[in-house]
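Q: Below, each chain spelled out in residue letters.
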Amino acid sequence: MRLFWRKSQPAEPEAVAPLEEGTVAVAIAEESTDEVEDARRTEAAIERTKRSWFGRLTSVFRGAQVDEALWEQLEEILIGADTGVQVTMSLLDRVRATKPRTAEEVRAALRDELVQLLERPAAVSRGRLWGNVEGDPPPAPALVLVVGVNGTGKTTAIGRLAYLYQQQGARVVCAAGDTFRAAAIEQLQAWGKRLGIDVIAHQQGGDAAAVAFDSIDAARARGADMIFVDTAGRLHNKQNLMDELAKVRRVIERGLGRSPDEVLLVLDATTGQNGMSQARAFTDSVEVTAVMLTKLDGTAKGGIVFAIAEELGLPVRFIGTGQEPGDIAPFEAASFVDALLAEPVTADA
Amino acid sequence: MLDALSERLQGTFRRLGSRGRISEEDLDAALREVRVALLEADVNFKVVRDFIARVRERAVGTEVLKSITPAQQIVSIVNDELVEVLGKDSKPLEKAKSGITRILVCGIKGSGKTTLVGRLGMRLKREGMKPLLVATDFERVAATEQLQVLGRQIDVPVYFEEREAPAAEVAKRALREAERTGANAVIVDTRGAVALDDDLMDELAALADEVDPTEVLIVVDAMTGQEAVNIAREFDEAIEGTGIVVTKLDSDTRGGAVLSVREVTGLPVKFITTGERLEALEDFHPDRFAGRVLGMGDVVTLVERAREQMGEQQVEQVAQRMRSGQFDLEDFLTQLSQVKQMGNMAGMLDMIPGLSQLKDKAQIAAVNEAFLKQAEAIIQSMTLQERHNPDILNGSRRRRIALGSGTTAADVNRLLNQYREAKKLMQMMSGGGRGAGGLRRLLGF
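If you read the protein sequences in the order shown, they are chains Y and C.
Counting in this note's numbering, the first sequence runs without a single skipped number right up to 435 at its last residue.
Counting in this note's numbering, the second sequence runs without a single skipped number right up to 451 at its last residue.
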């Protein structure tokens, strides 16, 4: 995936070069020891998740037999990872249909299915920044609208995205659009101070759409490259709040002269089947283009992204782990699934 | 989404043929349906396994196999078992017999700890106590500010320290502050984590040592998936919880996490939170919640809320009309305005059996103030005869009504469509053809 944007003014060439897949964490690591530490922690966290989830999967494949016990175990592991009953069943049905004769063949077929499931949406995504669009990146400033239910970590995600882009030489403006939750504005302002970036804010209780609109003006005036718009967490089944969010999107369209370049849904990795309902509702009201999976440093697996990818065709773009600014990494379907099915280091070859 | 459990079970038994009695194999087929329903509600798969085993045992032990309504029998057993796991009665918040009531609030990131501290503060204040809120989360950016803002909103003092210090020490000084100011309840917010690591475990243990808490509340997000069991177990083991608080139950989650958490910790659910406003802190009712987990709605809460808002008599009238399926535009108007009084429409639809799975719920829920106002105008522009018998509304009558209400013929048509939809729903609910039948029997109405 590329972190794609157009600089508003000429800058040193290496900062503008779009990144190759999977290079973000590395690029950050080269910056300074602090960032090395960040990247290391992120990797360790991802490793932890991989071990707990995929470690179990691998041990299942250790036996050579393809019998009912194997299928049952796989079913439990996938369901236990919040993949959901329906997706799990259809996944395993497709694997069964390949008539695998050994546990290794089951593993290979399951890997293919899982990777395909996650890669398909990435290939058709319409997001202008992270999607697979031909042609030029969007004109500066590019805008990312960040949405999600309460407590998934939207504001923290914005802090990290801002940091990530700042590290790549982009000039970032953030819009404190969560005007509802107590101290959400202060939280984003504290991130702004920490990173030295501009945060556009109004009063608590103010109009989120107006904040977003002002941030576009401010970004243009300051020659910024990127705008991240925070929004108040809202439960997706509250129609009035979803309507309000749709309004924020419309106002952004008016101010920007085009739709937001990406609409990022922040999803908590501990979320169960309700994640599907969230993704559906937010897509209905603001046309989500990408997903960020947060809190992956626990033992939660975030398997609901398989269902979201299958049913809504939404790609996962980033994962969030710890509490530090650098605890963000691009989501890689292939390596995610590979790690999922890889033999542990101690296992026989 | 799949339909309510009772419908699914009836479907299973229909497929098995219309024989009066079912075999043990049939029972297993039915229990597979129960299993899927529970898994889809996010109940942990291990908890589901044990649960199904218990239900099976009870089903075999009773007369289910001989019953002529096996589906109802199984739903009833599942329901009883659910209520049992969820805890027979709700437990009130423990208060210190003398001195200061000390409450620790802990949980993972984003579960809603800080907001809960504010809500508890508000509740205790309303009960005539003098609470003090305590901030000990130095990690999350602006966590302290959030608590201060909440404190201001509910006019309750907040103890916080500018310089980072161990949580236990902050709490110690906060207790001294409480004694000094005469506060008789201290509610301590704690740092969250994604998973309970050693650092946080030590921090919480030290905090509990220092505070000697009356209540240790573990906050669980109702939308949590399979991981809920681990989260709850780890917190409970680290700091010996005394109760669970389930947050964000105003979402459309089936909330199976609550069942998982109850099963692994055995801790009582002390409160649930059901809205953005700080007042939205409610007691937990296991019997009502069982229906939600099974996708069967929560009629009792709906009726209770209606009763609070409208008074006994009116509720009876509405209930009677709902049951009889007689439902004209006049009723529709009354109901729309009652709906307006009762608040969140989507939340209410969730409580009505058979409707929680409805696809176009969002559309129905879009019954907002503006629509209600317009609907009122349109219906009031009709003659009584038209209201009682909408079938006579031909084109010319509709034009007249549109003119009279300052709307368009399209608006009038839309309203009539909505009315017909509502009527259909009412009939579905009262006709017993849908899944509500079994539930109604369970609830005895």
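Certain hints may be false.
Here are the simulated DSBU-like cross-link-like pairs (lysine-lysine), alpha carbons at most 30 angstroms apart as the crow flies [claimed, not checked]:
#, chain 1, residue 1, chain 2, residue 2
1, C, Lys103, C, Lys52
2, C, Lys52, Y, Lys185
3, Y, Lys333, C, Lys379
4, C, Lys103, C, Lys131
Since the hints were made in silico from the structure, they are not lab data.
Q: Run every hint past the structure and note whether it holds.
A: Okay, the hints, checked on the actual structure:
{"no.": "1", "hint": "C:Lys103 to C:Lys52", "verdict": "39 angstroms, violated"}
{"no.": "2", "hint": "C:Lys52 to Y:Lys185", "verdict": "29 angstroms, holds"}
{"no.": "3", "hint": "Y:Lys333 to C:Lys379", "verdict": "22 angstroms, holds"}
{"no.": "4", "hint": "C:Lys103 to C:Lys131", "verdict": "17 angstroms, holds"}
Checked against the numbered hints above, the structure violates only hint 1.
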